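Protein chains: 2
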Amino acid sequence: MLKARTKNISIVLYKPKYAGNIGAVARAAKNMGISNIIVAGARDFDNEEMRQRSTHLAADVLDNIQYVESIQEALGSFNYIVGTTARLGKGRGPFLAPRQAARDIADISQKNKVALLFGPEDTGLANEELRLCHAVVTIPTSREFTSLNLSHAVMILCYEIFIASSPAVSAAEAAPKLALSSELEGMYGQIKTLLADIGFLNPENPDYWMMHLRRFFTRAGILSREVKIVRGICRQLEWYAHHKKT
Amino acid sequence: MLKARTKNISIVLYKPKYAGNIGAVARAAKNMGISNIIVAGARDFDNEEMRQRSTHLAADVLDNIQYVESIQEALGSFNYIVGTTARLGKGRGPFLAPRQAARDIADISQKNKVALLFGPEDTGLANEELRLCHAVVTIPTSREFTSLNLSHAVMILCYEIFIASSPAVSAAEAAPKLALSSELEGMYGQIKTLLADIGFLNPENPDYWMMHLRRFFTRAGILSREVKIVRGICRQLEWYAHHKKT
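Quick note, the sequences are listed as chains A and B, same order. All the letters of the first sequence, read from the start, carry residue numbers -6 to 239 under the numbering used here. All the letters of the second sequence, read from the start, carry residue numbers -6 to 239 under the numbering used here.
Note that these hints are calculated values from the structure, not bench results. Hints should not be assumed to be uniformly reliable.
Identical chains blur together in the list; that is why a pair holds if it fits in one copy or across any two.
[Said to hold, decoys possible] Keeping only pairs whose Cα atoms sit at most 30 Å apart, straight-line, the calculated DSS-like set for lysine-lysine is:
{"no.": "1", "residue 1": "-4", "residue 2": "83"}
{"no.": "2", "residue 1": "10", "residue 2": "106"}
{"no.": "3", "residue 1": "185", "residue 2": "221"}
{"no.": "4", "residue 1": "-4", "residue 2": "104"}
{"no.": "5", "residue 1": "10", "residue 2": "-4"}
{"no.": "6", "residue 1": "104", "residue 2": "10"}
{"no.": "7", "residue 1": "221", "residue 2": "0"}
{"no.": "8", "residue 1": "10", "residue 2": "221"}
{"no.": "9", "residue 1": "10", "residue 2": "0"}
{"no.": "10", "residue 1": "106", "residue 2": "8"}
{"no.": "11", "residue 1": "83", "residue 2": "0"}
{"no.": "12", "residue 1": "106", "residue 2": "-4"}
Fair warning: this is a prediction, and the values are worked out from it, not measured in the lab.
Chain A extracted, bound-state conformation (with noise of 0.2 Å):
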């Protein structure tokens, strides 16, 4: 296993509704080597309050904070983006441990850039925002208390990608670009608008199957050049539907 390249590995934070818990992830994330946070969605937090949590050694880490209006914006440049959530509903999933998931991480992050996503203290991500993931995170907790504080959420994931970065060989040097989240976002749009055309996809809930091509794409860590090819296919299924009709 590589070590994680960490500069590659960004926390961003989606609506996160309390400044004490931003310098708070601010600190744990440094703890573990990880400078990079991204707010998405909020702002004009009590800066005081953030700094007494995180800390004066970690100070550096909230001023580099970039603040963005949309969760899109938050996401578009990076190649993995791993969601986080307690609530497994129907649809949600698959979840990986945080572990399995650490591997992965440090493995990908050698050659690619990833984003560590957590929603709102007190929903979470949405499957609205769950979608735009690659791979969804669970940490197991009690089942009589499963609401983790945020930076404790937080904490877990960067400890489990600190300590699965340990200096052995692995596959990741072998490992191809993958392509952009808004690459992807490219080709799910050619994708669902082609489904609808032929009638394929339930105008009413356009999303369920949709929901099924995603996860399966994201599993297979689809590359760059692929995306092209599947792009190039859906664009000659237009023409030809296109042709034949006139």
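Let chain A serve as the given structure and place chain B on it in line with the hints.
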């Protein structure tokens, strides 16, 4: 590995300074199924602040905290005491990693009372207190910033104990059913016909693109049910193409 007997495990906080941290410790411990906390050498913490950080769901843990005067009083009734430290000075070890300690703790807790001892936020445990311990755990961190928040340190150790006691789910048990080779070949045949029909494949060398697709599908470890989805899409595309022609 036996499941840790969590009712035999207690968290002992020696001279903690901040009410907020005690609340966060209560929450973390309860998340991992541990609900005994002893606070030694400090009392009269702001109750409101503790509750805010424990959340009301771990308020019962706070209510049951035992406050005692001295560390000796706190530890007297335990059979096995695990200290924690970030400072690796001579004579303070030998040090165990949390994962290693957690396995021991899961076993030992079957028939013994186990204390997890944490020092004050600013100084941690002194040599004098470490001498009372049967084992000393140090949590690995980035060299640049080794000082963990108290509740984060508690969380990591409790999490490792929780994980050490979970029955290992082998990858094979968790893995879903892959498609049979015969299912795959049927799918490839159908895709090839479709792609030839729409003019995507060069009739001179139809296998060039098919090879890329095969690579992708086999790398993905495609499931039986996913083969059915792909074939359903192909069928619909064929029907659509044919329907439009006539």
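Outcome of the hint check:
1. Within a single copy, residue -4 and residue 83 get their C-alpha atoms only as close as 34 Å, which misses the 30 Å cut-off; across copies the closest is 28 Å, which meets it.
2. When the C-alpha separation of residue 10 and residue 106 is checked against a cutoff of 30 Å, the pair qualifies only within one copy, where the shortest distance is 26 Å, while the shortest distance between copies is 39 Å.
3. Taking the closest pair of Cα atoms, residue 185 and residue 221 come within 30 Å of each other both inside a single copy (16 Å) and across two copies (18 Å).
4. In this assembly of identical chains, residue -4 and residue 104 lie within 30 Å of each other by CA distance solely inside one copy; the values are 12 Å within and 39 Å between copies.
5. In this assembly of identical chains, residue 10 and residue -4 lie within 30 Å of each other by CA distance neither inside one copy nor across copies; the values are 33 Å within and 36 Å between.
6. In this assembly of identical chains, residue 104 and residue 10 lie within 30 Å of each other by CA distance neither inside one copy nor across copies; the values are 33 Å within and 43 Å between.
7. Proximity of residue 221 and residue 0 under a CA criterion of 30 Å is satisfied intra-copy only: 28 Å inside one chain copy versus 41 Å between copies.
8. Taking identical chains as interchangeable, the C-alpha atoms of residue 10 and residue 221 are never at most 30 Å apart, the minima being 39 Å within one chain and 43 Å between chains.
9. In this assembly of identical chains, residue 10 and residue 0 lie within 30 Å of each other by CA distance solely inside one copy; the values are 26 Å within and 34 Å between copies.
10. In the homo-oligomer, the alpha carbons of residue 106 and residue 8 lie at most 30 Å apart inside one protomer (21 Å), although the nearest pairing across protomers, at 42 Å, exceeds that limit.
11. For a Cα distance limit of 30 Å, the shortest separation of residue 83 from residue 0 qualifies neither inside one copy, at 34 Å, nor across copies, at 33 Å.
12. Only within a single protomer do residue 106 and residue -4 lie at most 30 Å apart by alpha-carbon distance; the minimum there is 15 Å, versus 37 Å between protomers.
Of the numbered hints given earlier, the model fails hints 5, 6, 8 and 11; all others are met.
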